[in-house]
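Trainee: Build out the structure end to end from the sequences listed, making use of the hints.
The numbering of the sequence shown is our numbering, which starts it at 1 and goes up by one.
It should be emphasised that the hints constitute simulated quantities derived from the structure, not laboratory data.
Every residue, glycine too, gets a C-beta built ideally from N, C-alpha and C.
Since no wrong hints were added, every one of them can be taken at face value.
Straight line, CA to CA, 30 Å or less: simulated BS3-like cross-link-like pairs of lysine-lysine:
1. Lys50 to Lys82
2. Lys141 to Lys184
3. Lys50 to Lys123
4. Lys141 to Lys82
5. Lys212 to Lys184
Distance windows between CB atoms, simulated:
6. Arg22 to Leu59: 23 to 33 Å
7. Ala186 to Gly12: 46 to 56 Å
8. Thr5 to Asp234: 43 to 53 Å
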Amino acid sequence: MSMPTVQTDLLGPTPVVLIDSRIPRIFNIISDEDQRGLVSQLEDFIEEVKADGSIPHLLHLGVLSPQNMDEKHIKKDHLLEKCCWQLAQLYRFSTPSRIAEAVPAIQFVSEIYQRENPDVAVKKDVVPMLYLGVALSRSRKHDDEALNTLEQALAAADLTPDQNLKNTLWGRAEYSRLLRRFGKMAEAEAQESHIRSWLLGHPYTVQHSELKALISDEGATDPNHILGHADMSDFFGPSNVTFQGINMGMMHSQF
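Mentor: Quick look at the structure:
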């Protein structure tokens, strides 16, 4: 098979490759059936590249051309990293979210980053760490690892608080729910209070409908201790109007 493509009016009349960085931005508004189909295509493509990935194979797939044979473009792992990162984002923005399935894909992305960045202990790739922490937490199989990953990711994110705002909110909300699962109520409440304070201090940064999605888990059965607070009832009232907000800065390109 060749690199899968997508044709949608949301991205213009010309088909784009499935790893196009714009796709996660519109993924949640395409049909559930199309979401599942695109995820399946990307999963199959990744497995095919893993099984071979030689230069002749990459030429056959159309991801490498004879005119573009420099080393960076012929590395199997480079292509797999891009595909796995895109797959993780498509899992996240599926309806309902399938982020729990993203653990292997994000772990591969992290392995490549660590290999390419020996100073990883200092220079952390925050967004994939947040993704991994949330994915581990949602899987309900690796809570200890999820807790440690989210703690490290949020500590790194706090060093650059003006970057990765949406992803940090998403990760912090998951961290607060995870703390409650561990019975660490005081710590969970501190995280919930931190989120509410940030929201109240930045009322026009992100659309409220998007904020609700960021700080909620649609699969959770427990009360939402962030949205359930009285301050949030006023904040998300119908008369409160917000505007589209900040574009996130990150090492990996994503929504």
